[in-house]
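Colleague: One-letter residues, chain by chain:
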Amino acid sequence: MTDHTSSHGLAVALSDLTRVYGPVKALDGFTLDLAPGELVALLGPSGCGKTTALRILAGLDRATSGTVSVGGKDLTRVPASKRDMGMVFQAYSLFPHMTVIDNVAFGLKMRGRDGASRRTRAGDMLDLVGLGEHADRYAHQLSGGQQQRVALARALAIEPSVLLLDEPLSALDAKVRVQLRDEIRRVQVEVGTTTLFVTHDQEEALAVADRVGVMNAGRLEQLAPPAELYSAPASRFVGEFVGLSNRLPAEVRDGVAALLGREVPVLPGSTTGAGHALVRPESVSVVADAAGTATVATVMFLGPLSRVTSTLADGTDVVAQLASSDALRLQPGDAVRLEVAPTPVLVVA
Amino acid sequence: MTPSRSFRIARAVLLLVFAAYFFVPLLAMFDFSTQVRGSAPGRTWDNWTFMFRDEDLRSSIVASLLLALLTVVLMIALLVPTMVWVRLRVPRAKKLIEFLCLLPLTIPALVIVVGIGNVYSWVTYLLGDSALVLTFAYVVLVLPYSFRAIDASLSAIDATTLSEAARSLGAGWFTVVVRVIMPNISGGILGAAFISVALVLGEYVFASLLRFDTLPVAMAALYKSNGPAAMAAALASMLLVSALLVGLTFLSRDRHRRNPGASS
Chain A
13 MTDHTSSHGL AVALSDLTRV YGPVKALDGF TLDLAPGELV ALLGPSGCGK
63 TTALRILAGL DRATSGTVSV GGKDLTRVPA SKRDMGMVFQ AYSLFPHMTV
113 IDNVAFGLKM RGRDGASRRT RAGDMLDLVG LGEHADRYAH QLSGGQQQRV
163 ALARALAIEP SVLLLDEPLS ALDAKVRVQL RDEIRRVQVE VGTTTLFVTH
213 DQEEALAVAD RVGVMNAGRL EQLAPPAELY SAPASRFVGE FVGLSNRLPA
263 EVRDGVAALL GREVPVLPGS TTGAGHALVR PESVSVVADA AGTATVATVM
313 FLGPLSRVTS TLADGTDVVA QLASSDALRL QPGDAVRLEV APTPVLVVA
Chain B
202 MTPSRSFRIA RAVLLLVFAA YFFVPLLAMF DFSTQVRGSA PGRTWDNWTF
252 MFRDEDLRSS IVASLLLALL TVVLMIALLV PTMVWVRLRV PRAKKLIEFL
302 CLLPLTIPAL VIVVGIGNVY SWVTYLLGDS ALVLTFAYVV LVLPYSFRAI
352 DASLSAIDAT TLSEAARSLG AGWFTVVVRV IMPNISGGIL GAAFISVALV
402 LGEYVFASLL RFDTLPVAMA ALYKSNGPAA MAAALASMLL VSALLVGLTF
452 LSRDRHRRNP GASS
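The listed protein sequences correspond, in order, to chains A and B. Just so we're aligned: the first sequence equals residues 13 to 361 in the working numbering. Just so we're aligned: the second sequence equals residues 202 to 465 in the working numbering.
These are computed hints drawn from the structure, not numbers from a lab. Fair warning: there could be bad hints in the mix.
Derived Cβ-Cβ restraints for the label pairs, each shown as a range [stated by the list, open to error]:
1) B:323 to A:182: 55 to 65 Å
2) A:37 to B:304: 33 to 43 Å
3) B:259 to A:123: 48 to 58 Å
4) B:379 to A:187: 32 to 42 Å
Backbone N, C-alpha and C define an ideal beta-carbon position, used for all residues, glycine too.
Take these sequences, add in the hints, and give me the full structure.
Modeller: Next comes the structure, spelled out in structure tokens:
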């Protein structure tokens, strides 16, 4: 997690936001606090309300109820143009009739900065995103990744109190996406602006964020650092949405779940009695054993790691993630024994 | 004979046929307007210089040009902000605006004139009897064509994202429309403007029935007394409109060379 004490960002508070579109409740009592300089990623399936929350923070949409405050100031009724927030959009949003440097300087012009200081600041921002040499080009002369980097420079040029990223990488190809993702994080740490990053890509969210908020049906299901979110999901939705999970039959008694012939501790929020444990593939190990009750169904090679799917006697499929060196010794049809690591699991009804 | 050669010949023949279809009447008009008949046949520019010498014709030309200019200005001032606003803020109203803008196309000009005749009694009473008051009627007349041109341009850009980006950077709505949206739909606006000019310079029914002396009305009157001069004036107005359209083509081409991303 980033050290926020040295940053220049402001705290952001979205309190009890509700947004109703006719019969649809896009946000339902949504509350989120961002520490100064923190990068929080909002993750969730399509239609969960994450973009609505970001747009309300930006002032591009109005909450039906609830408040938005930045640095302790109530901005709920302040128009977007007066909120002092930089935003990078999912769609390419550079002004086509302006050069790259004019795009970056646009926000400064709106703030009445003189021409020379505008060009200097815009040039600095372009250098920050590595596009100083493209200052006089037009948007159509840049690749998608370059356009989004210019959009990032444009959003940061105004020294915004909050940086908003609305799925800025979703239109890019996989390789550029990873590069730009890392660059966004580097720049954000460098400038220390409080940032809200909306994405539906969990790898992206887990990789760049200080904390990740998982949303479902207009509500925040869990807000936690990436590792905690992954290892200790607070709800069935989070456990199933973030990463791969096996649903294995389990019996919970006295805070311990019995599954696959082994006892493992359970996470808070787990059900008691009979249920299903959400077990990560990397918590399952596969041991070749002629007397084992499971059978290897498939072995999927993924590079350094492989995914082995085995079938239990009752027909339940169990996915395990192993080092490829171990996994490639197994063949479909082999009899194996499955073991579960003694890490806490969430057991749901 | 190779197929490509026969194709080229067919293309050239078609081009010549179409050129003849368009240019022969124009050449005939030019011939008629410059011909001297009688005992000493020859050529004269008298009919062409007549439009600068004749006070009535000259004032009708000025009135028509001013009408074209005012119509374009008022049309842009009304239509562009309305269409941008509807697209960004009330997209549900787009169908209604489209219906209203296309309505003049479906109502015969004669019916409109009869309908607005009484209104114009008041307009001339309040604003005077200058032909320029026709601007209001002409804006309605050019709405269907202007709407189509601007709507096509607006559809070609992501106006919502551009305006939201500009607003998040501190731009107010006026700046969004004037500095962000309008430069990116300039092709459509130019197209709408030139179509409007062409329509206004050729409009006869409104002006004639509402008794205003515009160029087409003056030409029609002149045709009864001096056919060759009327022909010269008609040809001159056609050349002017053609020059405007050629100008539009070059303007768009130049703009695209500088910024191929913009719509046209």
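Colleague: All hints are to be evaluated individually against the structure, with a verdict given for each.
Modeller: Taking the hints in turn, this is what the structure says about them:
1. B:323 to A:182: 55 to 65 Å: holds, 58 Å
2. A:37 to B:304: 33 to 43 Å: holds, 39 Å
3. B:259 to A:123: 48 to 58 Å: This hint holds: roughly 52 Å between Cβ atoms.
4. B:379 to A:187: 32 to 42 Å: holds, 40 Å
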